[in-house]
Amino acid sequence: MMPDDRQIVFENVSKFYGEVLGVNKVNFSLEPGITSLVGPNGSGKTTLMNLLTGLIRPSQGSIHVLGLTTHQPVEFFRQVGYCTQFDSFPPGTNGYDFIYWPLRLHGFDHDQAAKLTNEALERSGMAQVARRKVAGYSKGMRQRIRLAQSIAHHPAVLVLDEPLNGLDPMARAESIALFQSIAQQGMHVIISSHILEEVDRISDRVVLMSSGYVVAEGQIREVRQEVRDHPMQILVRCSNAAKLASAAFELDHVVEAKILTDGQSVLVRTRDAEQFYLLLNKVVSGGLVEVDAVAPADDDVNSIYQYLIGSDGSPA
Amino acid sequence: MSVQESITRAQRTLKEQPWQLYASQISVLVRNGVRRNLFTRRRVWVYLLALIPVLILVTHNIVSRYNVETLSLQNETEVLAGIIQLYYFRLGIFFACMGIFTWLFRGEMVERTLHYQFLVPVRKEVLVVGKFLAGAIISVALFEAAVFACFYLTYSRFGSAGRFYVFDGPGLSQLGSYLLVTALACLGYGAVFLALSLLFKNPIIPGAMLMGWEAIAPIFPAWAQRLSVTFYLKHLCPVTLPVDGPMAIFTVVAEPVSPFVAVSGLLCLTIAILVLSCFLIHRIEITYTAE
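Quick mapping for you: the protein sequence lines, in order, are chains A and B.
Quick note: to get this note's numbering, add 657 to the position in the first sequence (first position is 1).
Quick note: to get this note's numbering, add 1 to the position in the second sequence (first position is 1).
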């Protein structure tokens, strides 16, 4: 596989810490947009991010980020920003210096570095407290100043390890908006998170991990389609729930059609969603029922996570 | 590939390097390294190591200020030589460099901040050089100041005789030699301890072994002595110590070498160890939990 200069490519990557498995035989390539790494603690998300950014070396395999490897650090780290989970800072540093000095190491002169520092502080909502010592920051502020440092040089690839941890709802919403705006500019944003509702809302694709293995990868819908063991759930709100339920039962692939307590909604579990949608078109065009709303009920990261990994974190 | 092609390729590679960027990165690393390692409470013991002889000499000057005539210039010159050769080179600079240079990388591992250095567009070789220079500036500045203070305190109490010894006698040349040897000791030990910190998680035991090696190196063959820092330092010291008993081993000069060979030899040893460190840094991974 030739590394694409827009993609992030993992080729047969494994990492062992002595005899302990970090990740094993990881193969995927990522397009620009927001990609979420999802998995329980110890599943290998942070290992994958550390491998991607060269903090650790793969035991085997290769990683290319926009056609670059960490063996070209000058070019590589101009393109990559990494907000790690390590909640530690150089002793005695303040928020401004924490962002300013790494920018000087990028080769920016004083004026450029100061401008980029102020811009990053503004974007992360830390401008007011930038001159205070980081040691006096709250957990959320420390998280945001690390985020500010990782975006300050305008990287094309932003890697964020649990970036929403410790943030209050307002800061969380602002951070998510920031990630989305970065992704809309054609950048890569790679996020690991336990907050599945938010992952689901912002991700273009997911990489599901368990015990060091990638168990599924792709756009959420595609991944859901691949989980054939679990019938898809579709919620239909319509004028005549009973009629729709009986029509649905005539299809072989429909496992269950349950009329909900409001009497207006049917929850259908089917092994072939496409066929069910065709039926729905037919009953609507035939005037049998009037449909108010149709929505997949388990077409989200949370459900996929439950189906593939299980609530205890072991592969289902 | 022929030799000519290899040389042409190497020249092209060298030409393509962004040397200006490397220089600016090194200056930033040195500035941050000095600020972080010099002005910190953690370094108080290093200041003490440098200042102990100075404090002793100050006390000695106060105690003996009314009977200066009993002091001999030659005797005090030998005492100063003993302080510098037996205390500073064997203990003070050795342990201070151990503290300063092993902390440059290992300390950042302990504080869990090394990843910030690994996530910037800086070649790891540049990082090694920048950090080494920061450590060198700290140790050289500290111990040159201490040696200068010892020299001043030794000769200032002799009044005009002391001034004559310094400015019209061998004093200034001896001071120059001591300052040169102090700087070389800091560079040599610094490079060794930097490399040890990249090789071992706990460099204390290899540091103790190095101290033993430095002590017994004079009894080994000439080629083996060249792998010791003190081998080069001893040849540059302007005053020979008249030491008897077991301490005499520290003053053995097995094979005399010229000052040029001693200076260039130590600098070559330092550069060789730094090149080794540039290879070793590539083995470092950020796994703080293993520290």
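To be clear, the hints were calculated from the coordinates, so they are not data collected in a lab.
Don't take each hint at face value.
What the hints assert, rightly or not - Some chain B residues judged to face chain A by a derived CB distance under 10 Å, without partners named:
| id | residue |
| --- | --- |
| 1 | Leu22 |
| 2 | Asn33 |
| 3 | Arg44 |
| 4 | Phe96 |
| 5 | Thr114 |
| 6 | Leu120 |
| 7 | His283 |
| 8 | Thr288 |
Just so you know, even glycine gets a beta-carbon here, dropped at the ideal spot from N, CA and C.
Consistency of the hints with the structure:
Checking Leu22 of chain B against chain A: minimum C-beta separation of about 5 Å stays under 10 Å; hint holds. This hint holds: Asn33 of chain B has a C-beta 6 Å from the nearest C-beta of chain A, less than the 10 Å allowed. Below 10 Å, beta-carbon pairs count as interface contacts, and Arg44 of chain B has none with chain A, the closest being about 12 Å; its hint is therefore violated. Hint status for Phe96 of chain B: violated, given a least beta-carbon distance of 22 Å to chain A, over 10 Å.
Interface hint at Thr114 of chain B: satisfied, since its Cβ lies 5 Å from the closest Cβ of chain A, which is below the 10 Å cut-off. Annotation: Leu120 of chain B was flagged as interfacial toward chain A, and the flag holds, the nearest CB pair being 5 Å apart, inside 10 Å. Because the smallest distance between the Cβ of His283 of chain B and any Cβ of chain A comes to about 9 Å, under 10 Å, the interface hint for this residue holds. Proximity of Thr288 of chain B to chain A holds as hinted, the smallest CB-CB distance being about 7 Å (cut-off 10 Å).
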